[in-house]
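Trainee: Protein chains in written order, with the working numbering: chain A, 1 to 641; chain B, 1 to 314; chain C, 1 to 506.
Derived from the structure by calculation, the hints contain no laboratory data.
For glycine and all other residues, C-beta sits at the position ideal for the given N, C-alpha and C.
Treat the hints with care, since some could be wrong.
In silico EDC-like cross-links for lysine to aspartate or glutamate, where the CA-CA straight-line distance does not exceed 16 Å [unchecked claim]: (1) K428(C) to E480(C); (2) K370(C) to E325(C); (3) K503(C) to E27(C); (4) K88(C) to D135(C); (5) K455(C) to E438(C); (6) K310(B) to E470(A); (7) K185(C) to D204(C); (8) K229(C) to D252(A); (9) K455(C) to E325(C); (10) K299(C) to E128(A); (11) K370(C) to D252(A); (12) K503(C) to E206(C).
Only some residues are given here: those of chain B computed to face chain A with a beta carbon under 8 Å [unchecked claim]: (13) L107; (14) F131; (15) T137; (16) R217; (17) A218; (18) I227; (19) F228.
Beyond 12 Å from chain A on every Cβ pair, some chain C residues (computed) [to be verified]: (20) S129; (21) I133; (22) D220; (23) D221; (24) D293; (25) D351; (26) E363; (27) A364; (28) G367; (29) V489; (30) A504.
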Amino acid sequence: MTIKSDNLSGAVRHRARWRPNGAQIITGMATGFLVLLAFLAVFADWVSPYDPLRQNLMEALQGPSAAHWLGTDDLGRDVLSRLIHGCRIAAIAAAEATTIAVLLGVPIGLFIGYRGGMWDWVVMRIVEAVVSIPGIMVAIVIIAILGAGLHRAMIALGILFSTSFLRLARGVVLAEREEVYVRSARVVGASDNRILIRHIFPNIAPPLIVQVTLTVGAVLLAEAGLSFIGLGVQPPQASWGTMLNTAAAFMDFNWFLSVPPGVAIILTVLSVNLLGDVLRDSIGRGIAVAVTPDKPAQRFAPEPVAAEPVSLARRADEILRVENLQVMVPARSGGEVPVITDLSLSIARGETLGLVGESGSGKTLTGLAILGLLATGVRTTHGSIMLNGRDLRELTRHQMEQVRGNEAAMVFQDPTTSLNPAFTVGSQISEVLRMKQSLTRKQAWNRTVELIDRVGIPRPEERARAYPHELSGGMAQRVAIARALSCNPSLLIADEPTTALDVTVQQEILDLFRDLQAEFGMAILFVTHDLAVAADICDRIAVMYAGEMVEMADVDPLFAEPRHPYTSGLLSAMPHASDRMPPLPTIRGNVPRPGDWPVGCRFSDRCDYKIAACDARIPLVGTERQVRCIRACEFGMEAAS
Amino acid sequence: MLKLIVQRLLALLPLLFIVSVLTFSFTSLLPSDPVDLIIGDTGTEEQYEIVRERLGLNEPIHLRYLQWLGRAVQGDLGSSFFNSVSVMGAVMQRLPVTLSLTAMSALIAIVIGVAAGVAAALRPRSWVDRFATIGATFGQAVPNFWFGLILVAIFAVNLRWFPATGFTPLTESPWEWLRSVILPSIALGTSSSAAIARQVRSAMVGVLQQDYIRAARAQGLSTRRIIFRHALTNALVPVVAVLSFQITVLLGGALIVEQVFAINGLGTLAIAAVRQQDIPLLQGLVLVMVGLVVLVQLATDIIYGLLNPKARPS
Amino acid sequence: MKALIRNSIVSAVVCVGLGLGATANAEPSGTFKYAEQVKLITMDPQQQSGSGVPYLRPVYESLFEKAPDGKAVPLLATGYEIDGLNVKIMLRQGISFSNGEAFNAEVAAANINRGVQLAIIEGLKTVESAEAIDDYTFVIKLKEPDPAIIDSLCYTGGMMLAPAAMADPTIDRNPIGTGPYVHSKDQSREGEVQVYTPNPTYWDKEMIGLSRYEVWEIPDDTARLNALKTGQIDAGNWLANPQAAIIDRTAGLKLVRNTGGLNYHVIISDREGTVVPAFADRNVRLAMAHSIDRAAFGKAVLFGLSEDSYQPYAKGSWAYNPDLEGVYAYDVDKAKEYMAKSAFPDGFTFDMPSIPIYQSRLEALAGFFKEIGITMNIAPVEPGTLARRSRTTDFPATNLVWNTNTDPKFLSLRYIYEDAAYNPFKTKPSEELLSLAEAGLQSVETDVRGPIYQKLAAKLAEEAFLIFVANSPILIGASEKTDANPTVVYRYGEDSINLRGLKAND
């Protein structure tokens, strides 16, 4: 049984991959625009209304008109025609420079990746040196050697951009080489080199395509820039860059001249970049897409699950009392589905309530819901959360911030990720003290050291100055506990605080919890999947399944006499200390996903004791000891016998 | 920290060496004979030999390189072929101009990029996010010099808020300096701000999903504190790496944007050097630029170390 | 043939008085800022080939200068006598260079000899050598009769360098002369501004009216215009271009049309067809000349600030030939006929050097030539190097402006003689051209020389290796205050302000 913190990642991940049709439209438009450009480039002579070099000095610097849709330039040449012929230059430029870059970069990259050693070292140092010079300067120096002009400038850009192809090809070879050697250790047959060659080509193609689109965009911008400063395409040839050069000189007379070539460059580069992004995403290299839904789930008023009358007994000195809690999450289909329903529980001062269940049962979410830490899109829709007599659901965001840390705190599963890697652990504790308790910097620091000492870390002063990555897991969890307890909260929610730790460390941490509870007297909601741990530390245990509580009892009776088949199943799956064998899954199947719950008893499709009546809604019965099973009595006796 | 700096500096020495070899050998490949250019058509055979000797062109290339390198490490990059101005002097005179542009545009790029990236990451898929994402995509497609032209047309020619051209040294008048660099810096910094915004957004979205952010919220820290202290500090780690590259790009972009605003910086010098085939000047320019890039890399390495404790040498 | 001319000092005094509305003993104060459109190449007048004289004038004084009426009057000299091939020049006494070295006949002769030896200044091409005959008199020996020698000494050819400067290899940035101002290297910024401060040892202190003079190097026309608008500069020079047109129509700015014109023309250097065989064909050259629509060119490229041009000189000059008006007027059909007649009916391709300020002119020309099947590639060269590159065989053709104040004999020195400056391919001139060129030197009388040069211009139009396009006046943009400043006197036929007596605007 592998149990991960149940964060609904599955559902959310699926939603993220879904892109709105808008994106497809944009992609289509980008492709369409590039096709149009290609068309204009090929058929420029037929399409353009005038000869791009045909001047008419008497009609210079005119604005757009019927005869000249985009006006005329300083020599009375038709701007539209020049723009169309500029497409050809842009296409030639992009093709030339990119081809040179690929033809130069890929073979050298493959070669040095394959040969390695001295060749690799020397070439890579040269590449590093070239890359450290601003690209445009490299191009300028190469143009100084070759001379200005379209083709020579494109050779310069080709050489410049070849470095990225070189590195790409080399990277692929090195990766594949590793792969092939690992494999060839097992399979004897074709020579390594042949395998290598056979492997490189399919693997280099996808990143190469992405790199080509990136390069095309960069080449277009660089060509325009070089032409603009007079080192690229030479007038009177019409390139978008040279057109801008002219426009710059006549800004005072006809500013519109600068618009058509500028827009042409922007749209072209934009289209190429957009396609590149799409390619990159689909090929799966590069930045992951945001893991958030496209839009908030459409809210729909869920049929309120008829709230059960709360039968939960009032306890003396009650710190937390949750009644009829219901939490909804966004569903794939766009609506919302409940993930916790009708949950009621209470914890008294100095008491530890264990919340157990498999992954996906809603335990962690319950803890987060209490503290109001649900992720965006997830929300509490029903019920009350009374902490020290106040309903947390009624509080404003700001009031809630006040509650967190001061009245209720939380310890998370993985101590190494729940501490901020950028700050020393001490500063993270003292920050809380300063913010929440208005201590001075010095007071806070002293208290921090005390707390670190209190949670059993030797040399606390020194450890306070350590960064999280410098501490062991157990030590980090002690720090996290110290931070949670720094403001002496009345409720501590511990979410699988020992799961990520070594077995030997686990016990120490549990002991620490016990000690601290004895000293501070806080109520603890202890979320765990591990019944053994729960048995060790809890006073009472609540068993959750598919978003609802199925059984709650004091530890001893629960273990001695489980009344719900699910509890029973969990107990059977529990490894015994003497038993070194891996636990056998004794409950068949998996926890159903939210939204796929059976209508009646949610455990019914995994239950060996299912009867027809289980298809109806099953109430939670009892006060001190609660169970949600219509066959609880029979089952309990059976199990006990 | 000192150790880190020294380590990095030592690591950069071979780079500078290779760059110097590359620039020297490549610029020596220039097609036209500089001597012909200097003495012009009226020059005699005698003059030709004298100039050739004076420029040391009769020596084999490796000796010339060693001599040049020997002087270069002492800060002497020789003098221009065409006048008696020392390369170091000419470059140093223009350096503040290009540096002003680069620094100001980097500042603009960082401020806008980080602000837009954070705003977008806080409310993914909101209109802020969409606006920032579309803006960033556009920003990366706009040629900086074209944007400069448009800025001039609007803010200098029509509204007259800023000078259209020229540069005022910071030492002369800080206010005028600011006015003279603001438009070129915006023109230059926009595409970098777009790149930075994209990077910040994706890093920030990732960081905001980290456990330590939830843990900080669980401690009841204010949202502002969580975003700007806990999340941003971590989100900037990958951004800093991008920043070093972006500043190199900005330095290159400055060369072109200078032309739009008729600013006499390294770009104007570089273009003149190419047109005149002034080899010593070209060599010096490339070397100084690489030196700048190296310093920027060093600075970003240090910032990287400050932000990311794991990267510090222990 | 002998001519003896005596020139009195009186006229010099008159001239100086003109630029002087000023009180005599006011302390120099204020700054005057001038913007120059060409980049500073060198501050050595004798190695200076193109324009950029405004950088030199504050420091260097010439032996003679042009009075507002265009006549040469003494400055560092006091007078001259021409006797055949000997030109005797008397020098002003008691003058020293700003570094303390004395100015005398020996130094003046050394200057001329250096200029002759460097062989860059075309005005000194006719000079054999110079020699001091006493402390303040020296003689220039000519190789051939030169009616324009005194004119030449008004410009860079007559500028006097201190002996130390002549020996200094870094003279290009360390000028030392006798002028009213000295160059301040510390305050100057290379490629941006050259700063000049009063010369404490100047021989005519009352003529120093400024505490600081600046020449800004702003090759970008728009930048220069903006600098003028914002008051960053007080005045600057322009070619006939959109920015000059803007100055002309902007309230608060004044476009001064100074005497003299800049006559834009195309030079077919390779007229024997060494590199571009088509250029050897006169039909091709005539076709090119006829293909240019000068009216449109003037309107669109020179913004109506110019006149159509078919010869070196403009109306009113003694060398102007009225018969040549429209001699190769715009006529595409005729141009095409010439091309068809030529050995190159299908056209050809050639390279043309360009600097940014000529870019649009050349694009326009390229458009005209394209109409008759000729492809002209525009090759950019660094601003300030066009003249130098034009003297090399790098390009088969070039384009320059001809300053109409220049004596016509320079036409020969530049374009006609086998060793002419802009005849890099060493083409031998036709017999007729050569004889006309030589005839023009035989007299100093314009009545005699005029008809000769008019004939020369007609012959040039016939051979069509110099194709004149448009003539525009020397344009100086000035602010309102500069325009109202009575001490601002523009040098005759030059794009600079006379610094002697110049005071700040306020």
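Trainee: Compare the structure with each hint and give your call.
Mentor: Status of each hint after checking the structure:
1. Restraint check: the Cα-Cα separation between K428(C) and E480(C) comes to about 51 Å, which exceeds 16 Å; the hinted pair is violated.
2. Taking the CA atoms of K370(C) and E325(C), the gap is near 25 Å; set against the 16 Å cutoff, the hint is violated.
3. Of the supplied pair hints, the one linking K503(C) and E27(C) holds, its CA atoms being roughly 10 Å apart against a limit of 16 Å.
4. Distance restraint check for K88(C) and D135(C): the Cα-Cα separation of roughly 13 Å lies within the 16 Å cut-off, and the hinted pair is therefore satisfied.
5. For a cut-off of 16 Å, the pair hint linking K455(C) to E438(C) stands: about 13 Å separates their Cα positions.
6. The hinted pair formed by K310(B) and E470(A) meets the criterion: a straight-line CA distance of about 9 Å does not exceed 16 Å.
7. Restraint check for K185(C) and D204(C): the C-alpha separation of about 23 Å exceeds 16 Å, so the hint is violated.
8. Restraint check for K229(C) and D252(A): the C-alpha separation of about 13 Å stays at or below 16 Å, so the hint holds.
9. Between K455(C) and E325(C) the alpha-carbon distance is near 13 Å, which keeps this suggested pair within the 16 Å criterion.
10. Between K299(C) and E128(A) the alpha-carbon distance is near 53 Å, which puts this suggested pair outside the 16 Å criterion.
11. For the hint pairing K370(C) with D252(A), the CA-to-CA distance comes to about 29 Å; that exceeds 16 Å, so the pair is violated.
12. Straight-line distance between C-alpha atoms of K503(C) and E206(C) comes to about 11 Å, which keeps the hinted pair within the 16 Å bound.
13. For L107(B), the interface hint is violated, since its Cβ never comes within 8 Å of a Cβ in chain A; the closest pair sits about 18 Å apart.
14. Because the smallest distance between the Cβ of F131(B) and any Cβ of chain A comes to about 14 Å, over 8 Å, the interface hint for this residue is violated.
15. Given the 8 Å rule on beta carbons, the hint for T137(B) holds: about 7 Å separates it from the nearest Cβ of chain A.
16. With a cut of 8 Å, the hint placing R217(B) at the interface with chain A holds, because the nearest CB-to-CB distance is about 6 Å.
17. Of the supplied interface hints, the one on A218(B) holds, with its beta-carbon coming within about 4 Å of a beta-carbon of chain A, less than 8 Å.
18. About 13 Å separates the beta-carbon of I227(B) from the nearest beta-carbon of chain A, more than 8 Å, and the hint is not met.
19. This hint is violated: F228(B) has a C-beta 12 Å from the nearest C-beta of chain A, more than the 8 Å allowed.
20. With a least CB separation of 42 Å from chain A, S129(C) remains clear of the 12 Å interface cut-off, as annotated.
21. For I133(C), the condition that its CB be more than 12 Å from all CB atoms of chain A holds, with the nearest at approximately 52 Å.
22. The beta carbon of D220(C) is not kept farther than 12 Å from every beta carbon of chain A, the shortest such distance being approximately 9 Å.
23. Some Cβ of chain A comes within 12 Å of the Cβ of D221(C); the nearest lies about 7 Å off, and the non-interface call is violated.
24. Residue-level check failed: D293(C) sits 6 Å from the nearest beta carbon of chain A, not beyond 12 Å.
25. The claim that D351(C) lies off the interface is violated: its Cβ sits roughly 10 Å from the closest Cβ of chain A, which falls inside the 12 Å cut-off.
26. Some Cβ of chain A comes within 12 Å of the Cβ of E363(C); the nearest lies about 5 Å off, and the non-interface call is violated.
27. Annotated as non-interface, A364(C) brings its C-beta within 12 Å of a C-beta of chain A; the closest such distance is 5 Å.
28. Separation of G367(C) from chain A is inadequate, the least Cβ-Cβ distance of about 4 Å not exceeding the 12 Å criterion.
29. Residue-level check passed: V489(C) sits 30 Å from the nearest beta carbon of chain A, beyond 12 Å.
30. Distance check for A504(C) against chain A: the nearest CB is about 29 Å away, which clears 12 Å, and the non-interface claim stands.
The structure shown violates the earlier hints numbered 1, 2, 7, 10, 11, 13, 14, 18, 19, 22, 23, 24, 25, 26, 27 and 28.
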